[in-house]
Structures are given as structure tokens and as C-alpha cells.
Amino acid sequence: MDAELLVVGGAVRTGDPDLPVSDALAVAGGRVVALGERARALRASGTEVIDLGGGALLPSFGDGHVHPLLGGLGLRGAAIRDCVSIDEVLREVRCWADENPGAGCVFGDGVSPTLAPGGHFEARWLDSVVPDRPVVLRTMDHHTAWVNSEALRRAGLTRDTPDPAGARSSGPPAVSCSAPCVNGVRSIRFSRWCRR
Numbered sequence: 085m086d087a088e089l090l091v092v093g094g095a096v097r098t099g100d101p102d103l104p105v106s107d108a109l110a111v112a113g114g115r116v117v118a119l120g121e122r123a124r125a126l127r128a129s130g131t132e133v134i135d136l137g138g139g140a141l142l143p144s145f146g147d148g149h150v151h152p153l154l155g156g157l158g159l160r161g162a163a164i165r166d167c168v169s170i171d172e173v174l175r176e177v178r179c180w181a182d183e184n185p186g187a188g189c190v191f192g193d194g195v196s197p198t199l200a201p202g203g204h205f206e207a208r209w210l211d212s213v214v215p216d217r218p219v220v221l222r223t224m225d226h227h228t229a230w231v232n233s234e235a236l237r238r239a240g241l242t243r244d245t246p247d248p249a250g251a252r253s254s255g256p257p258a259v260s261c262s263a264p265c266v267n268g269v270r271s272i273r274f275s276r277w278c279r280r
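So the sequence shown is residues 85 to 280, counted in the numbering used here.
It should be emphasised that the hints constitute simulated quantities derived from the structure, not laboratory data.
Given the structure is predicted, the values throughout are model-derived calculations rather than measurements.
Hints should not be assumed to be uniformly reliable.
[Said to hold, decoys possible] The calculated label-pair distances, taken between Cβ atoms and stated as ranges, are:
| # | residue 1 | residue 2 | range |
| --- | --- | --- | --- |
| 1 | 120 | 245 | 24 to 32 Å |
| 2 | 132 | 244 | 56 to 64 Å |
| 3 | 151 | 128 | 39 to 47 Å |
| 4 | 132 | 95 | 14 to 22 Å |
| 5 | 166 | 129 | 39 to 47 Å |
| 6 | 104 | 240 | 22 to 30 Å |
| 7 | 143 | 165 | 17 to 25 Å |
| 8 | 128 | 166 | 37 to 45 Å |
| 9 | 243 | 182 | 25 to 33 Å |
| 10 | 204 | 147 | 26 to 34 Å |
| 11 | 152 | 175 | 25 to 33 Å |
By construction, the Cβ of each residue, glycine as well, lies at the ideal position given by its N, Cα and C atoms.
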């Protein structure tokens, strides 16, 4: 058997207590088939070789998963997922708010946290386009939300509100908070604000 892929030139961490580190790894048929000298022996003319350059290869797995309900609901709000600037997000939020005057709140899903300096969005930016209704924009990871002052007011959140356990908030006027805070705002949003 010839290796399709050979990884060399660094520490290959195996996760196996009997052989925790190797210096080479061979893959064939989508599976790891050999380590160390046995792996190097499987090298053929068509083998792709990756040199770690003194680095390391670590075992891992990808936790790809979806939230179909949240994804579907996110498509109903302001089209912010592909926005590349704060100004573009604000235009989309204003446009959606103008086209949906009867909506109890303005929401959007998938804003990139990289758009704001240091990832800190300010409520006043959203206030400038929608001052009279709550605005709740979730970031791409669904663990942070950017909200306006009206959303904070209706949720009873002020500078003096203690952070929920396991969460952090930068508080008004710069507003970004982690999962427990977002879940609280999301609960309020779906239960009261967004009924049409």
C-alpha cells in the first residue's frame, strides 16, 4: 500500500498513551495507516508530503452542526450576513425597518464581529437608524448580539445591571454580550417584540 499523504518534519501527537508522539504519519484511503518509520516506508512517487517545519500535528475533530430553526428565523430579518462594513449593516437595518413598519422589533442574523473596532458595537449606531423599536442583531456564531438602546431599555438592562453568570457585557453605549445575555435578550425578543 502506498501512502496518499505523508506528514513529516515535526511532532505528530497521537493521543495514544503507548506512543504519545511520532515524527511521521501516513494516510491512505482516508485513514491513518502508519506512524514513524513505517509511515515513511509507505512513501511513493505520487505521495503528497507535508513538512511541518518543526511544528506539530494534533488530533482533532470538527463539530459541524446546524440550528435549522434559528437559521430559518435569521433569514426573515434584515439581510446583514454579507455586509462588509458597519455602514452597510446600518443601511440594511434601516431598509428592513422601513419595509416592515408593523414589526415589533428589527432583527438580523449573521453580522460579522470583525466589522466593529475590537468587536465592540455601539448601541448608538443602531439608534441612529432605528431609535423607536428594539433592534437585535446576532453575530455569526450566535453567541453575541448587538442591540440598540430601545432593546436594552425594554430588557431592563442598564450600566448597573450585573452580568449574568458566565456572561460579560460591555454595557451601554457599547453593547456586546456573550451567550447567557444573548439568550435572555433572544427570549424577550421572540416572546414579545417580534409578534406580528
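Against the structure, the hints come out as follows:
{"no.": "1", "hint": "120 x 245: 24 to 32 Å", "verdict": "violated, 57 Å"}
{"no.": "2", "hint": "132 x 244: 56 to 64 Å", "verdict": "holds, 58 Å"}
{"no.": "3", "hint": "151 x 128: 39 to 47 Å", "verdict": "holds, 44 Å"}
{"no.": "4", "hint": "132 x 95: 14 to 22 Å", "verdict": "holds, 20 Å"}
{"no.": "5", "hint": "166 x 129: 39 to 47 Å", "verdict": "holds, 44 Å"}
{"no.": "6", "hint": "104 x 240: 22 to 30 Å", "verdict": "violated, 52 Å"}
{"no.": "7", "hint": "143 x 165: 17 to 25 Å", "verdict": "violated, 33 Å"}
{"no.": "8", "hint": "128 x 166: 37 to 45 Å", "verdict": "holds, 44 Å"}
{"no.": "9", "hint": "243 x 182: 25 to 33 Å", "verdict": "holds, 31 Å"}
{"no.": "10", "hint": "204 x 147: 26 to 34 Å", "verdict": "holds, 27 Å"}
{"no.": "11", "hint": "152 x 175: 25 to 33 Å", "verdict": "holds, 28 Å"}
Hints 1, 6 and 7, counting from the list given before, are not met by this structure.
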